[in-house]
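Sequences are here, hints too, so could you generate the full structure?
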Amino acid sequence: MIRKIDLKINAKIHSIEADENMPLLWAIRDLIGLKGTKYGCGIGSCGACTVHLDGVAVRSCQLPLSAIENQDITTIEGLSETGEHPVQKAWLELDVAQCGYCQTGQIMNASALLKDNPNPTDEDIDIFMSGNICRCGTYTRIKKAIKLASKK
Amino acid sequence: MEETNKAYSRRSFLKVTTISGGGMMIGFSWLMSLKPNELAANTLSINELVEFNGYLQITTDNKIKIFCPNPEFGQNVMTSLPMIIAEELDVDWKSCSIEQAPYDVKLYKRQFTGGSNSIRQAWKELRTVGASARQMLVLAASTAWDVPQEELTTQMGVVYHSNSGKSAAYGELASAAAKLPIPINTTLKKNSDFAILGKPQKNVEGLKIVTGKPLFTLDYHTEGMLIAMAQHPPSFGLKLKSFNAEELLKEPGIKEVFSIKVYEDDFQRALFDTRTFNELVIVVGNSTWEVLRARKKLIAKWEAISESKEVVSVFGTRKEELIPAGLENTDSQYAKMIEVSKKPAKLLRKDGNPELAFEQAKQILERTYTAPFLAHNTMEPISCFAHVTQDKAEFVAPIQAPDFIAPTIAARLGIPKENIAIKLARMGGGFGRRAYGHYMVEAGIISQKINAPVKLIYTREDDMTYGIYRPMYSVTYRAAIDANKKLIGLHVKGGGLPESPVHENRFPAGAVDNYLAESWEVPTNLTIGAFRAPRSNFIASAEQSFMDELSEVLEKDPIDFRIELLKRARENPVGKNNEYDPSRYIGVLETVKEKSDWNNLKLSNKKYGVAAYFCHQSYAAHVIELHITDGLPVVEKVTTAIDCGIVVNPEGAKNMIEGAVVDGIGTSLFGNLTLKKGKPDQQNFDKYRMIRHREAPQQIDIHFIKNEIDPTGLGEPPFPPVIAALANALYKAAGKRFYNQPFQKDLDT
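Residue numbers (our numbering), protein chains in the order written: chain A, 1 to 152; chain B, 1001 to 1749.
To be clear, the hints were calculated from the coordinates, so they are not data collected in a lab.
Bear in mind that the values here come from a model prediction, so they are computed numbers and not experimental data.
Check the hints yourself; a few may be wrong.
In silico DSS-like links for lysine-lysine, alpha-carbon gap of 25 Å or less [unchecked claim]:
#1 A:Lys89 - B:Lys1362
#2 B:Lys1362 - B:Lys1485
#3 A:Lys115 - B:Lys1213
Spelled out as structure tokens, the structure:
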């Protein structure tokens, strides 16, 4: 069903008209035009579409617009457009990325982890990040970057 | 200082033009091509220059811009190739801005990413480009100051005359330099003088990646762009019979539904023209979600294909390919491999008298190894933007080999090749999958038909079930051992669907007196394509597992055993055409032995395994230490030794090797594309298991062999030996050998 929906994304209200069954991922990418949140699988299995809903990491490909009310949605663009967020800085300091496609999802998931658990153990990281696939295999760097960011 | 003396005319290799408004622009042809830059200097403006490709650009305010010609898929040539130019140019790397060059048939002969070849091929040429520009700037200063060139030095983008204290930044000299003749002899830096190369440099696109800039084809958007999706048959061995789009067309946002033929019936395809399904149903609509939703209402009927033959041109050689009919099952595919492997096979190489050696052997060790089809599963699914007008075609595409697909597109669309422009988008992974540009042909056909710009999108399911897989393989190794526990004969017989993985001239060929290599093939209607270190990615795992088991039977240390054979190959080689350098191979084995603290590992309770391999002119050895918990290996440490010649960017190189280690572990533990009645069992990551954070090694230590050899490949070489190192470590941990990938199946039992 098509209806008018207000989405609060990165502290800005976007008024859109969309099918309420549309996953948030496509609203973000196609209707609002923010391309940092990625499509990898569409079934919540790869983590590339991760955003924050009131600070909690969620897979936007699994979240229909109908399920969203007034929550704050944060995308990678909302962390920092200039890379000032501690997680982004750690990513840059340790030169984490290879192809880069999964990295915004990794960063969004990691930043949510650190909000709740500022000093995660290796095991905490393994468990919390297990939903984010990196095909290029940058996992060891990601783990080091999360730990580095936790110190900032 | 090294001098290079080129046989061809330097004037055609480099053409220098003055930028209007001041400055200097150098066009060059990459990769030994001699296409001159055809731009007229006096029509240029600063703004136009941003559009040009393959240029080193120096403006009067001393801004340096370098373009990377080869497409980027995570191997970081965007950083390493420009580094080479910047080094010889002698500028501050931090002051350089780097951009991706588009594919442009007017300016480039070859922009290919694959085969671990980018740096190898471009090394000398790019150094020459930077050095030529530097020499011209020096000559400009020498002329302006009326001093001999020999009295001038450069550093970090400035020319100095120490005698008089004069200096000038490159930007000040650029306009004058542009008017000078291109030097015939270029002096290259001594390797020991490198200021940029060999030092860790960060990914030039790092900031864009972490801030989510729209870098990938899936991110590309333009006004009026429509979205298309392609429905292909649900099974290999089927083709389109009919479709009914009545219900679909009623859905909101849907514009058109039609079928396309990727190639006409008489099309003679070349190696990279592979397409699995020639007829597709295309759904075109306004937005991704609308097309995704509506597509479910498509009613399509499929019918069985008939057996057919296709002629494929493989780098000039015409090969006939048999495409069998039928809906294939994984079980019957494995059974077919066993059946064919027992039959007489094609002789690849024979040294000495292997038949006699096996007759006389006191003991024969025989082992068979298998591995399944694999899907590449690049993180970014297949997509392509195309805008085709009357006589022009514009693409934004993730493509490793634009030059191979451009003629195909031209022929298919009826548009001259020089009117095809391709912007090389950053690829969310390649691994060989994106060398096959069928999706560009498809997008072009669609755009031409609907007369609008369009982005073709493959869902993850479309992508994973499309084919162009890593082949299914099987190989049997036999070793003939005499009464003194000496290896007197080796027989390798391997094959696959549809190709053999055997590299007959690689180690241990050359080290064994009596050697026989054979191959066989089983046709299939699945399509295959290059997958990170084609053939090597399997044969290394089998060969190096066999070497491990053989060393145990011969009661030798696995590393010492390999070194012993390699010394034989070096001092008294058997046969001809031995493809590897035994000294470099020994080098990585000795290094990994030392760095893994091998002798202490042997005395400990640790579970560990070693493997080494040569491919793409480089050498890699790994020692993996692990333990098994809850039916899965926990990889504690990987020690890696790599000989890839001069390491251009150690930071990027290390990242890529770490990635190859993770990839090897994940692929061999979990990678598995199986079929029932031609239909893939795995359509998405819920069924196709990928390695995740918790399965990645806890520690990876990488050691580069230091030498002055010009860079050899690195994208692929570290990958093949990881799998056997893992299998050999699993043997120690589980008490049994692992012969069939994916290993996880046998870990559970």
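Taking the hints in turn, this is what the structure says about them:
1. A:Lys89 - B:Lys1362: violated, 63 Å
2. B:Lys1362 - B:Lys1485: This hinted pair holds, its Cα atoms lying about 9 Å apart.
3. A:Lys115 - B:Lys1213: Holds - the C-alpha atoms of Lys1213 of chain B and Lys115 of chain A are around 24 Å apart, at most 25 Å.
The structure shown violates just one earlier hint, number 1.
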